[in-house]
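Trainee: Numbering (this note's numbering), first residue to last: 1 to 473.
For the record, the hints were derived by calculation from the structure and aren't laboratory data. The hints are all genuine.
With a Cα cut of at most 27 Å, we get these calculated DSSO-like pairs of lysine-lysine:
1. LYS157 - LYS195
2. LYS24 - LYS42
3. LYS157 - LYS24
4. LYS416 - LYS464
5. LYS464 - LYS447
6. LYS277 - LYS255
7. LYS195 - LYS42
8. LYS447 - LYS408
9. LYS255 - LYS333
10. LYS207 - LYS277
11. LYS42 - LYS408
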Amino acid sequence: MEAPSYDYTLDDLGWVSVFMKEVKDFFFARPEDSLLILRPNKVMHLNDTGMTMLRMLLEGHEPEEVVDHFVSTFGADRQVVLNDLAAFAEDLRNMTTGNQNLLAYRTAKIIPFGSAEIRYPVLGEIAITYRCNNRCRFCYAYSPYRIAGEMTTDQVKRVIDIIADDAHVPSLSFTGGEPTLRDDLFDLISYGRSKGLRMNLITNGRKCADKEYVNRLEQAGLNSAQVSIEGPDATTHDYIVGVPGAFEQTVTGIKNLRTTSIYTHCNTTICRPNVAKLDDLVAFHADDLGLSYFSMNMVIYTGTAAKLCEELMVTYSEIGEIVERVRRLANRKGVQFVWYAPTPVCIFNPISHGLGAKSCACCDGLLSVDSEGNVLPCSSFSDPVGNLLTEGFQKVWQSRAARFWRAKEFATEGCKACTHFAYCTGACPLYWDVFGFDEIEPFWPRKTRLGQGFDRFRLALRRKTRGNQRGIT
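With the sequences and hints as input, model every part of the structure.
Mentor: Structural data, given as structure tokens:
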């Protein structure tokens, strides 16, 4: 897109310095792969000019200093630089408001989706424990029954060092299990902040029913919390999480968190026991909890969910209608709805509903670390691609197994032949491992039975020889 024809002056940029001071903690400039990351996970590729402008603004330089730098260093025309800087600053402001209309971005250039390389992860997560005080029916991690060791405080800090210094990741979540069961959680949050990381806590919120505990989280420097809530009432929520009284504690925890500077939102896993309650849950978020933002995802059929498929199952073929209903209700309530789960766009296309592209993040946008320092394709896998403590980031990230997942080699030939493959990359491989490809086969190019059999054989061989990691069972 072309820059505006209007000639800007420095007076027109008077708002920029104040704006950058307000949002500088949300923007992260990563020159290693020319990436602008709006924490936690929105990205924009920058050219050299954009990266220099962004870094100078984040360092506190005034717009006039940025303009002078380009004029004196590169002999650029002052008016051209002023116009470019003004348009770029307005684009930054659009990013912070969640504007997904590409036409509103004045310096953006359209490139093929998925064509720009992201060399490092965008998000990091560490399952600091698999212990849990809930017994969720759909727990992908098989908590609390999963037998696994836990890193010491010093080992977790070493992993944090690697994530910040070697993987160049700007945002880190502590997850589990239930991370609030670690006695050193406050120390670990503080350490992450000292490394410049935006720290997020993924929790069931029950320990946050203690206001003093929440105050200590805030004092440690916690930036945000994602609290899992599975229904709008105790009957639904407590049944799904397997603990009577959990709903009351979780709701109290959410309300306590919202009295602090910790940015708090709720996430719900859509499953058969709560589908009929989602309308009420949207209203509960808006009217009772006062949330401005909530998210949802699908069950991943690993861990305890693998044993309860029939009870929990909501298929790709069903999820689109459910998600669209939630989105409409959220819009009416004035609450932002975010959808996390990847779905095959031939069955449900989240882009067309304003929810953005969702694809598998295995060893790609996500760096997922388990309680022993192993890197998993994602947190629902049992088998690692390497260990950060013993091998370091580069060796693990460039391993054959990690590259298999990052290159989406798990996708079927039918999906790869689709012109929209880059938007969903075949969705979740663990879903297909459990349910097979019957839902999606009608969308594949027609082949003989022999051809289909050969494609399946090649996929099975790739998984066995290059990416043999499987879901938790």
